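Next come the chains, spelled out residue by residue.
There are 2 protein chains.
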Amino acid sequence: MTDSAPPSPPTIGVFDSGFGGLTVLRALIERLPAARYAFLGDTARLPYGSKSRRTIARYAAQSARFLVNEQGADFLVIACNTASALALDAIQDAVSVPVLGVIEPGAEAARAASRSGDVLVIATDATVQSHAYAAACQARGLRGIEKACPLLVPLVEEGWTPSPAAALSFAAQAGVAPPQGSQGAQVAVTAEVIRIYLAELNAEAAAAGLHPDTLVLGCTHYPLLRALFERAVPPGMSVIDSAEAAAQAAVRIFNTLPASFGSPLPSVLAPPQVVEIRCFATDSVEKFERLGSRFLERPVGKVELVDLGG
Amino acid sequence: MTDSAPPSPPTIGVFDSGFGGLTVLRALIERLPAARYAFLGDTARLPYGSKSRRTIARYAAQSARFLVNEQGADFLVIACNTASALALDAIQDAVSVPVLGVIEPGAEAARAASRSGDVLVIATDATVQSHAYAAACQARGLRGIEKACPLLVPLVEEGWTPSPAAALSFAAQAGVAPPQGSQGAQVAVTAEVIRIYLAELNAEAAAAGLHPDTLVLGCTHYPLLRALFERAVPPGMSVIDSAEAAAQAAVRIFNTLPASFGSPLPSVLAPPQVVEIRCFATDSVEKFERLGSRFLERPVGKVELVDLGG
Numbered sequence: 046m047t048d049s050a051p052p053s054p055p056t057i058g059v060f061d062s063g064f065g066g067l068t069v070l071r072a073l074i075e076r077l078p079a080a081r082y083a084f085l086g087d088t089a090r091l092p093y094g095s096k097s098r099r100t101i102a103r104y105a106a107q108s109a110r111f112l113v114n115e116q117g118a119d120f121l122v123i124a125c126n127t128a129s130a131l132a133l134d135a136i137q138d139a140v141s142v143p144v145l146g147v148i149e150p151g152a153e154a155a156r157a158a159s160r161s162g163d164v165l166v167i168a169t170d171a172t173v174q175s176h177a178y179a180a181a182c183q184a185r186g187l188r189g190i191e192k193a194c195p196l197l198v199p200l201v202e203e204g205w206t207p208s209p210a211a212a213l214s215f216a217a218q219a220g221v222a223p224p225q226g227s228q229g230a231q232v233a234v235t236a237e238v239i240r241i242y243l244a245e246l247n248a249e250a251a252a253a254g255l256h257p258d259t260l261v262l263g264c265t266h267y268p269l270l271r272a273l274f275e276r277a278v279p280p281g282m283s284v285i286d287s288a289e290a291a292a293q294a295a296v297r298i299f300n301t302l303p304a305s306f307g308s309p310l311p312s313v314l315a316p317p318q319v320v321e322i323r324c325f326a327t328d329s330v331e332k333f334e335r336l337g338s339r340f341l342e343r344p345v346g347k348v349e350l351v352d353l354g355g
Numbered sequence: 046m047t048d049s050a051p052p053s054p055p056t057i058g059v060f061d062s063g064f065g066g067l068t069v070l071r072a073l074i075e076r077l078p079a080a081r082y083a084f085l086g087d088t089a090r091l092p093y094g095s096k097s098r099r100t101i102a103r104y105a106a107q108s109a110r111f112l113v114n115e116q117g118a119d120f121l122v123i124a125c126n127t128a129s130a131l132a133l134d135a136i137q138d139a140v141s142v143p144v145l146g147v148i149e150p151g152a153e154a155a156r157a158a159s160r161s162g163d164v165l166v167i168a169t170d171a172t173v174q175s176h177a178y179a180a181a182c183q184a185r186g187l188r189g190i191e192k193a194c195p196l197l198v199p200l201v202e203e204g205w206t207p208s209p210a211a212a213l214s215f216a217a218q219a220g221v222a223p224p225q226g227s228q229g230a231q232v233a234v235t236a237e238v239i240r241i242y243l244a245e246l247n248a249e250a251a252a253a254g255l256h257p258d259t260l261v262l263g264c265t266h267y268p269l270l271r272a273l274f275e276r277a278v279p280p281g282m283s284v285i286d287s288a289e290a291a292a293q294a295a296v297r298i299f300n301t302l303p304a305s306f307g308s309p310l311p312s313v314l315a316p317p318q319v320v321e322i323r324c325f326a327t328d329s330v331e332k333f334e335r336l337g338s339r340f341l342e343r344p345v346g347k348v349e350l351v352d353l354g355g
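Protein chains in written order, with the working numbering: chain C, 46 to 355; chain E, 46 to 355.
Careful: at least some of the hints might be erroneous.
As the list makes no split between identical chains, a pair holds if one copy fits it or if it spans any two.
[To be verified] Here are the simulated DSS-like cross-link-like pairs (lysine-lysine), alpha carbons at most 30 Å apart as the crow flies: (1) K192 - K347; (2) K332 - K192; (3) K332 - K347; (4) K96 - K332.
Hints in this document: simulated from the structure, not taken from any laboratory. Here the structure is a predicted model, which means the values were calculated and not measured.
Chain C extracted, bound-state conformation:
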């Protein structure tokens, strides 16, 4: 390489226990289209939520080292709420590159959005049990009220979600009924599940004398339901997509770290001809390939199987 050769774009490693974190990758690509991406889903060992903190830390550290040492990641985004809640320190100890989780950016976006200081957080059972969002809210002077919504991940994985086009239409015309037919009936079920969960959560907040004005979607599967949430929340309530928030935080970190990457920002921000994405999984490549494109909103391509050991 000569002195005049343009610096190669940095590689951003994105890690999740499954493939929900592809929503974070999608949000990153939108903002940093010229970076290279390596995504790892530790699908052989999911769900992380039912495992001990020590085990999760070991799995997440192994995964982070794979992305940094074997795939050359210059920057890591932990696109997994459970790993962000329980293993961010262990990951930072395991690798020498900057590491960003999804929980702090979500709480930070809630702080920017909320006027009342009362914030609703919905997430998986494991994330809620960790109380990581409540702690991140409290550190910012917010009151966070968390609720586990275990039906939403299976509804997303079943595909009972609005199509992207329908989602745009919902967002533009709040109050319009979803399309009919089998897909319409499926989406109506998901909308009703969301209505029930939000009614329970709002009743709980009201009973505690709180006035929430912000809802954090604290799970990387939930961005596929964002349009339904935006229709379901009371008027004036902001919906924070933690995948979007994490991607915005990644851009801010990039802006503070240009020297580390040989001033790559111009090339990172300019749209390339082809976005370079390599996807890896430790198991379930078939399900990853089948569902991944819905999360990423583009083909995931061939997913490579990797063995990280026990």
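Since the structure of chain C is already known, use the hints to place chain E on it.
Only chain E this time, still in chain C's reference frame:
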């Protein structure tokens, strides 16, 4: 012990990867109330469905040995569709007592019920992918059409099911709307999910020129939804509860094996003062205790944590 002492009742070991198999235990207790019961949920290592056949066989064999060697089980019921589908041989090799799975009894009950020979089977993704029900149907001259219904287990675990009293009312008055309020709205969601799945399955069967008249509930969580299924199926369609079918098969086997147990049948069939149940789990004792009583329809009592190793 003198020659005249009454023989002690046999111990029936019941095994599941989780606690859904408590529906099988409930059906066994109803028919064999004087037996002793030891139930093991291998909750630390669930879900079995995403693991390889070899790993499932190893876990199931360890679990079976625990029930036989440490808890003195004289008879084993594998109340887990995945383990029944993939590891019945390995379990039979691991222990010297009779072993009964849930799949063959379900298929046998379908054969007794079906006139057309066309049978619908709904189950988890893992059970459907094993095609164990289709094979068991085929061996009996039936055509089995399988469908994975991944939303039903989380709906049951969330408790979006009719209460037992409501279930009786539904069964008695088909067509009557479920109770309203939050619980009513939740049960209505579950009923709609069942309607959608059955409509898809019936459309698939019709497209293949089949005339199904029997529906097998091929998952140990589904008995809690039986009343909803009975309301949702077309008129004249039989609903086979594989938990009930397995318990009936266990009684038949007991009737052929009285000598093995020192003629215990009279005491097994006579209602005792107190049903003796010991429950064990390898993890998640809290969730087991919280949800188990809904599956068992009586308190599960204190669940003991056991360590079966890796």
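Check: When the hints from earlier in the document are held up against this structure, which numbers fail?
Finding: none
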